[in-house]
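Listed in order, the protein sequences are those of chains Y and S. Add 240 to the 1-based position in the first sequence for my numbering, that's all there is to it. Add 195 to the 1-based position in the second sequence for my numbering, that's all there is to it.
Since the hints were made in silico from the structure, they are not lab data. Among the hints, a few may not be true.
Straight-line Cα separation of at most 27 Å, DSS-like style, residue types lysine-lysine; simulated pairs [unchecked claim]: (1) S/K323 with Y/K382; (2) Y/K406 with Y/K375; (3) S/K323 with Y/K360.
Output of the computed footprint for chain S on chain Y, the stretches with three or more beta carbons under 8 Å from beta carbons of chain S [what the hints assert, rightly or not]: (4) 326-333; (5) 344-355.
Listed next, with one range per pair, are the computed distances between beta-carbon atoms [as the list claims (entries may be wrong)]: (6) Y/S286 with S/G463: 14 to 24 Å; (7) S/G463 with Y/P419: 52 to 62 Å; (8) Y/R356 with S/L391: 21 to 31 Å.
Heads up, the beta-carbon is just placed ideally off N, CA and C, and yes, glycines get one too.
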Amino acid sequence: MTGAATTIGPAVSFVGVHKWYGTFHALRNVNLTVARGERIVVCGPSGSGKSTLIRCVNRLEEHQRGSIVVDGVELTPDIERIDDVRREVGMVFQSFNLFPHLTVLENCTLAPIWVRRMPKREAEDLAMRLLTQVKIPEQAAKYPGQLSGGQQQRAAIARALCMTPKIMLFDEPTSALDPEMVKEVLDTMTALAEAGMTMIVVTHEMGFARQVADRVVFMDNGEIVEINAPGPFFDDPQHERTRLFLRQILR
Amino acid sequence: MSDAIAFVRERSEPLDPPPTLAGGAIAWARANLFSSFGSTLTTVAFIALALWLVPPLVRWATIDAVWAAPDGALCRQNQDGACWAFVAAKMDYLRYGSYPIAERWRVDAAEALGAALIVWLLWPTAPKRGWAALLFFVAYPFAAFVLLRGSPRFGLPMVDTILWGGVLVTLLTALVAIVFSLPLGVLLALGRRSRLPVVRLASVLFIEVMRGVPFITVLFMTNTMLPLFVPEAWTPDRLIRPLIGMALFSAAYMAEEVRGGLQLLPRGQYEGAMALGLNYPRMMGLVILPQALTMVIPGIVNNFVGLFMDTTLVSVVGVTDFLEAMNNAFKDPAWSGPTIMATGYVFAGLFYFAFCWGMARYSTHVERRLAAGRGR
Chain Y
241 MTGAATTIGP AVSFVGVHKW YGTFHALRNV NLTVARGERI VVCGPSGSGK
291 STLIRCVNRL EEHQRGSIVV DGVELTPDIE RIDDVRREVG MVFQSFNLFP
341 HLTVLENCTL APIWVRRMPK REAEDLAMRL LTQVKIPEQA AKYPGQLSGG
391 QQQRAAIARA LCMTPKIMLF DEPTSALDPE MVKEVLDTMT ALAEAGMTMI
441 VVTHEMGFAR QVADRVVFMD NGEIVEINAP GPFFDDPQHE RTRLFLRQIL
491 R
Chain S
196 MSDAIAFVRE RSEPLDPPPT LAGGAIAWAR ANLFSSFGST LTTVAFIALA
246 LWLVPPLVRW ATIDAVWAAP DGALCRQNQD GACWAFVAAK MDYLRYGSYP
296 IAERWRVDAA EALGAALIVW LLWPTAPKRG WAALLFFVAY PFAAFVLLRG
346 SPRFGLPMVD TILWGGVLVT LLTALVAIVF SLPLGVLLAL GRRSRLPVVR
396 LASVLFIEVM RGVPFITVLF MTNTMLPLFV PEAWTPDRLI RPLIGMALFS
446 AAYMAEEVRG GLQLLPRGQY EGAMALGLNY PRMMGLVILP QALTMVIPGI
496 VNNFVGLFMD TTLVSVVGVT DFLEAMNNAF KDPAWSGPTI MATGYVFAGL
546 FYFAFCWGMA RYSTHVERRL AAGRGR
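My request is simple: use the sequences and hints to build the entire structure.
So this is what it looks like as structure tokens:
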């Protein structure tokens with residue numbers, strides 16, 4: 241495996257992971273190790289299991305066989321342990337999932353105050369710092385419904401970062417955005433990657449993958465088909481299904 | 196435009212204000228009341244109906260009414276108008292029932308305290324509403340209980356609940372039922388969606404049984420069956436028993452309203468909360484319920500209104516609520532007469548309407564405020 245070798249073990253490791261929805265075999269024997277500080281982009285056709293894969297990392301989906309270890313903690317049905325993992329893993333969703341009844345600032349301070357037991361003033365300072373980092377400090381007092389899609393997604397990124405996570409998961413963060421707003425979100429993610437964050441990103445933005453990813457994972461039909469550094473992945477894909485996918489997506 | 200295929204703008208179009216629409220009452224009436232033959236006909240018909248019904252009613256209630264009289268004699272002579280003198284004469288009984296006259300200030304005090312706390316709690320811009328909630332839900336029940344029931348330690352003589360009656364009992368019943376049924380309903384709604392089969396089954400069973408029987412049945416059950424199940428020393432007071440029945444009954448309906456709200460919330464809200472590491476109680480309390488309850492405010496208030504009406508049914512188990520007090524007042528031979536009953540029921544109707552309309556108006560106001568606040 242490539243990536244920065246650390247003495248304290250990988251950020252995330254999947255070993256022989258299987259997942260079924262009813263009788264549908266959604267993940268088939270997935271093996272993947274994500275090193276600390278590594279940026280992984282997961283791509284593949286729709287229904288290939290890429291969203292399921294990253295939703296298993298913070299157990300929004302349960303796997304039924306194999307083991308997933310996140311930041312040294314194995315995911316089991318133990319709810320306390322799952323909450324421990326979720327505290328350290330931030331997630332950004334395709335549909336933002338901001339809380340519409342709270343202001344942007346309250347969205348950001350909710351988890352630090354209630355989960356990290358941070359004093360309100362301190363949480364607000366932290367939230368304002370991160371909202372400045374994603375370039376929307378002036379939107380702090382507004383409700384999510386008053387923001388554009390790109391601003392909402394950046395607010396969602398700031399909200400996740402307020403928990404100072406060790407790992408960030410992005411589940412198609414730009415798929416619900418109007419084209420002119422995609423760039424502002426990708427720029428935010430690029431800046432985050434440059435700061436050394438461990439990231440697993442499901443996306444169709446191949447430009448972003450080429451620029452930011454350490455490795456690109458291609459999935460199809462619930463299994464990992466090919467993993468490679470972005471250069472060789474895009475310029476010289478090995479598997480026939482990868483070549484087919486790239487031909488379709490890059491046109 | 197010319198028929199050229201290409202077009203490049205050279206100068207921006209000016210930003211103009213909208214064309215002035217014809218204003219004023221006449222334009223409004225023309226647009227809304229007389230826009231077509233059918234609408235004109237409807238407008239005229241309803242004006243005629245109002246002219247036919249409203250003036251006699253107003254005359255009955257004001258000009259022809261008897262406003263003051265020592266007994267029913269004047270009302271018996273004057274049968275064209277309402278007999279407000281009857282309501283005035285019976286007002287104390289209607290408000291307090293048989294509560295001892297010397298102690299009635301305690302009822303006034305409890306009602307005034309409650310009203311003040313409710314206004315504080317519900318006033319949108321009032322300061323420190325958290326304190327109001329704490330005082331109202333924790334301190335007020337004890338204070339009101341001591342005031343109304345009496346406590347020798349504070350020098351307040353005991354007043355048996357059999358003497359309580361009238362508006363006091365109606366407000367007490369409504370308040371207790373409202374305050375207990377909402378949290379209970381929320382718990383039942385969460386129970387019905389629980390992953391634990393036993394919790395789910397128990398919630399479903401309770402809700403469906405309560406919704407499947409008439410309220411009167413529940414009242415009789417709590418009144419006669421409850422004493423059989425608990426030790427004699429613990430048997431609840433005869434006034435408490437129907438209150439328990441009422442709270443349980445309306446909790447089942449409340450649960451279904453709340454469940455509707457929970458089902459309207461997209462899954463992403465749960466996932467967003469879980470991904471942040473919020474545990475179940477915090478996710479529900481901070482993210483899910485505030486949104487779900489807001490969405491079903493109209494349904495919840497509808498339940499409150501229905502509940503306020505249902506308080507009249509406690510009379511079947513021997514509790515003298517406002518309407519029952521009115522019925523008792525009719526039996527006074529000094530005030531017998533053909534206009535007495537009509538007057539009494541019109542007054543009772545106005546009383547119930549005032550409270551229910553107030554609740555409905557407040558909920559509309561809250562909805563509008565929430566909608567405006569979130570820019571939707």
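Taking the hints in turn, this is what the structure says about them:
1. As the CA atoms of S/K323 and Y/K382 are separated by approximately 23 Å, the hinted pair is consistent with the 27 Å bound.
2. A threshold of 27 Å between alpha carbons decides the hint, and for Y/K406 with Y/K375 the separation of about 22 Å falls inside it, so the pair holds.
3. A threshold of 27 Å between alpha carbons decides the hint, and for S/K323 with Y/K360 the separation of about 18 Å falls inside it, so the pair holds.
4. Against chain S, the region 326-333 of chain Y contributes 6 residues with a C-beta closer than 8 Å to a partner C-beta. That satisfies the three-residue criterion, and the hint holds.
5. Counting residues of the region 344-355 of chain Y whose CB lies closer than 8 Å to any CB of chain S gives 4, so the stated coverage by that chain holds, three being the minimum.
6. The given range of 14 to 24 Å is respected by Y/S286 and S/G463, whose C-beta atoms sit roughly 18 Å from each other.
7. For S/G463 paired with Y/P419, a C-beta distance near 23 Å fails the hint of 52 to 62 Å.
8. The supplied range of 21 to 31 Å is met by Y/R356 and S/L391, whose beta-carbon atoms lie about 29 Å from each other.
The structure fails hint 7 only (numbered hints given earlier).
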